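Student: Below, each chain spelled out in residue letters.
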Amino acid sequence: MPSENPLDRQAFDYLARAAGLNTDDPHMDELFSYVQNAVGANEGLRKIDTTGFEPDSAFDPSHFYQD
Amino acid sequence: MDALELCYMSAGELSSLIRDRQVSPVEVIDAHLYRIDATEPTLNSFITLLPDHAREAARRAEAQIQAGNYRGPLHGVPVGLKDLFNTAGVRTTSGSRILDNFVPTEDCTVASRFQQAGAILLGKLNMHQFAYGPTGENFDYGHMHNPWNPELVTGGSSGGSGSAAAAGQCTITMGSDTGGSVRIPSALCGIVGLKPTYGLVSRAGLTPLSWCLDHPGPMVRTVEDAALTMNVIAGFDPNDQATTTREVPDYTAALSGSVQGLRIGVVKEYFEAPLDPEVESVVRAALAQLSEMGAIITEVSFPMFFDSQAISGTILMSEAAAYHRDLLATDGDKFTPSVRLRLEAGLFVTAADYLKAQQARARFNYEMSQLFGDVDLLAGPSEPITAPPILASEVTIGDQSVGTTGALTQYTRPYNISGTPAISVPCGFSAEGMPIGLQLAGRPFDEATVLRAAHAYEQNTEWRLKRPPI
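Protein chains in written order, with this note's numbering: chain A, 1499 to 1565; chain B, 238 to 707.
Note that these hints are calculated values from the structure, not bench results.
Among these hints, one or two may not hold up.
Pairs of lysine to aspartate or glutamate, DMTMM-like flavour, derived with a Cα cap of 25 Å [said to hold, decoys possible]: (1) K1545(A) x E277(B); (2) K571(B) x D1511(A); (3) K703(B) x E250(B); (4) K703(B) x E242(B); (5) K1545(A) x E506(B); (6) K571(B) x D337(B); (7) K505(B) x E536(B); (8) K593(B) x E604(B); (9) K703(B) x D267(B); (10) K571(B) x D377(B); (11) K593(B) x E1541(A); (12) K571(B) x D1523(A); (13) K593(B) x E1552(A); (14) K703(B) x D377(B); (15) K505(B) x D636(B); (16) K593(B) x D1522(A); (17) K571(B) x D1522(A); (18) K703(B) x E506(B); (19) K505(B) x D683(B); (20) K593(B) x D1547(A); (21) K505(B) x E604(B); (22) K505(B) x E529(B); (23) K505(B) x E515(B); (24) K505(B) x E517(B); (25) K703(B) x E669(B); (26) K1545(A) x E604(B); (27) K703(B) x D239(B); (28) K1545(A) x D1506(A); (29) K703(B) x E529(B); (30) K703(B) x E388(B); (31) K571(B) x E1541(A); (32) K571(B) x E1552(A); (33) K703(B) x D274(B); (34) K505(B) x D337(B); (35) K1545(A) x E509(B); (36) K593(B) x E669(B); (37) K505(B) x D1547(A).
These figures come from a predicted structure and were not determined experimentally.
With the rest of the complex left out, here is chain B (with noise of 0.2 Å):
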């Protein structure tokens, strides 16, 4: 089998090959490995690359399968890990040269589900210095390239899970998602990031950038491949308290559903922000094709929308500072100087504030909430721009400068406040070949009806199959 078709085959694809014995795990770890190596020179996805960890454990799941223990479906199947998953004897960096040498005794919850599935690790990946930025440059292991323009960002922070996942590098990446971590770099590299309801997978082994706003999702090419993800390492876990109890459910039995008759709120303020035309356009055209297909689109209005930056930003900068601030005081300048002084910065926002936007986030959860009563789904832009250039502080959007950060942030922290589902799906190109994405938010803990929606779009249009030019 062509070694460059086993890279772009999703987890769902290569599941059935492996199980069948019509490739083996060790054909697909090297396929993956000759991917990387032809194309990390250029991308930068990788902090770690394991190639011999990896074709030892392609090997035993060979040999497991081949003696008739298949685990299921991520059996054989390689996956990248945002470096901030802890790995049992696997150096783990958060992106910064200050963990160069911290090597973790034991797995992240997160990893230890792959390992347990037979999922196989390749190596951990690029990001934004401790996950605080949202583009994916990265001034102690490199900046983060994007495979349909390596002179633009990949967006972060899980920049490296974005670029490995878009360029065939793995088959499956995980990311975490603070502010928008995971779908902004989904949106930009043109993949699907789910970020799943707080509390449906587990944090625990993972460095926090927030504790109370971040979400580890995966990063993949096919919703089909978001679900399959899930069924491995969503539900309960005692080490980490906000887990939930209640069941999980067979996320892959969701897909076979159709639009028909799903009441889709298109929030009208999402459109008063700052917003790239070509992107309006095309995310405008997703939304009429949602129509077609069957699903009732309807105008909802949010103006809380426009609070986001300043609740989550004021809470995320708190708990950023609180868990940083013993190394900001013994390694201060080790850190990148622009992540140094958003940590500091935290250290001067008040216990008062802080509270005040603990109750915003209650008000605005509440409002939500309420528009969840009439639509079952939100959607919207993932991003209002297309990847911008590496470096870039500030973006033109129409006639308006913005702030990268903040533009890249503003549709995805609403439902990092909020906890609930919401997915990146890609939508469409821009006129210079950049991927755009639709998001697409559901209530809390229904995952199934997010993806639902999302692989019914996905399997209605040929976006899927467009391949970056690397």
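Just chain A, with the same shape it has in the complex (with noise of 0.2 Å):
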């Protein structure tokens, strides 16, 4: 688990509760292994620098290409 990764098993329960999953599952611990693997794979993502980029919440392919 990446040292900057903070989901601890403990931070993962209670996501996993807030987010309506069964906690008691037995396939939890799997899922939790998972989401740390997921969860740090974000650092890649957090260092792209989007600097003067908006989220393209409405997403229009041909939004760079109008004359």
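Since each chain comes alone in its own frame, lean on the hints to assemble the complex.
Tutor: Following this line, the structure appears as structure tokens:
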């Protein structure tokens, strides 16, 4: 688990309950491990320089191509 | 006419014969049902087959044509739809037993347009559960099998569409592409797959995976058939807020052009990612052939290619989890475990990261638009590998071991982020006889150039004439 990743098991269980998941389900250990890796992978996303770009919330693929 | 020949005819070839009454739609449908009967135990392309419906529709089409009411090039042509396209009165499972008994009351827009064009629905095609996986494995309805080697995957998620078109079970199939799900099985099964521009083909009535990444598209055996299909399915739909109001051209008109003077950029970063040397060799030979045909091939750089996975993965995970959240709460244990994991993991992506991914997408699209200032098309491999074995979670590329999902989506995801058109066209075979695809991508709504280049290349090769051994 990357050191920047704050998602310990307690936080995971809290978020899982908040998301409506059953934390007593036997597959939660596997999900915890999967989520740790997935959240860790977001570090690459956070490093992308997005200065000057707003989120494409109303996506239009021709946005940058208009005359 | 020989039944197998009918099954391997393109829609373009079939339509002439049907129009001129040299072949009846009934004959065409019977040939395909016979072909399906012979190959389906091996391939498992279909979740629901509709023989009675198809024969009845064929008799109706025959009567209409005999009465002089020929509707156009898809009249009487057999079509198969991935089983997430809603079809009125026909169950639509999205590849999950959870929806085994779901029977829509309305057709999706694509199915409705096929019906208006006189195409005949043969059945609903197998797929990765809820379209959330690129291999074509399905634990509820059975795995899909590659017609070139049934021990290998078809690719997914539109795996049944890939195998059905490649093996002559259907003339036209439809898939949906969120991270490559049209182009991956097209490349691995040796057919043509077009992911159109986002907003050109309606998503209305399709089970979503990710609203802003989903693209329905044709999977066929020839580029001409992709154009013929686009002529029927493309265009504004009031039921899909993303669809464009711009006029849809006749895509077949673009097919007569050459690639003389066409500027094709080869993204150098594609060849820095894990890539099977045999695939690289075949793709570079295809690019050399395009150059010999008059295209101007140049190397271009797109460093944000390496951010594709992080951007599209974050958006996809969030949107897929949002869509399936209620079903996860009520029927979580009925999902395939790997699909359930991916969906539930999406519930842990923060809103800040989702928006960061959408910001990064804006920069990604800006930088791609700059590339398209210098070139007309971008080119590269559709896939870094040929079809791997069924249930292989990792593949070896050169001296690296990489995850199968990441490998299969590495070249396709960028164009889901950009929403720009991209096609996979067959460009050769491995020594083991497995198909390899060339990917060509264009500017938004410039399907005409993408199809023109793919068609010119296709017509200068004989790959389209090869048939799988099944």
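Student: Would the pair K571(B) and D1511(A) pass a check requiring their Cα atoms to be no farther apart than 25 Å?
Tutor: holds, 22 Å
Student: Between K505(B) and E515(B), is the straight-line Cα distance small enough, at 25 Å or below?
Tutor: holds, 17 Å
Student: Holds or violated: are the alpha carbons of K703(B) and E506(B) at most 25 Å from each other?
Tutor: violated, 31 Å
Student: Keeping to a limit of 25 Å between CA atoms, is the pair of K505(B) and E529(B) held or broken?
Tutor: Satisfied, since the Cα-Cα distance of roughly 20 Å is no more than 25 Å.
Student: Is the Cα-Cα distance between K571(B) and E1552(A) 25 Å or less?
Tutor: violated, 39 Å
Student: With the threshold set at 25 Å, check whether the alpha-carbon distance from K1545(A) to E506(B) stays at or below it.
Tutor: holds, 19 Å
Student: Please verify whether K703(B) and E669(B) have alpha carbons no more than 25 Å apart.
Tutor: Holds - the C-alpha atoms of E669(B) and K703(B) are around 14 Å apart, at most 25 Å.
Student: Has the given pair, K593(B) with E1552(A), been kept, meaning a C-alpha gap of at most 25 Å?
Tutor: holds, 9 Å
Student: Quickly compare the C-alpha distance for K703(B) and D377(B) to 25 Å and report which way the hint goes.
Tutor: Violated - the C-alpha atoms of D377(B) and K703(B) are around 32 Å apart, more than 25 Å.
Student: When you check the alpha-carbon spacing of K571(B) and E1541(A), does it fall within 25 Å?
Tutor: violated, 32 Å
Student: Need the status of pair K593(B), D1547(A): alpha-carbon distance at most 25 Å?
Tutor: The given pair, whose Cα atoms are some 10 Å apart, holds under the 25 Å limit.
Student: Given the hinted pair K703(B) and D267(B), is their Cα-Cα distance within 25 Å?
Tutor: Distance ~23 Å between K703(B) and D267(B) Cα, so the pair holds.
Comparing the model with each earlier hint shows violations of hints 1, 14, 16, 18, 31, 32, 34 and 36; every other hint is respected.
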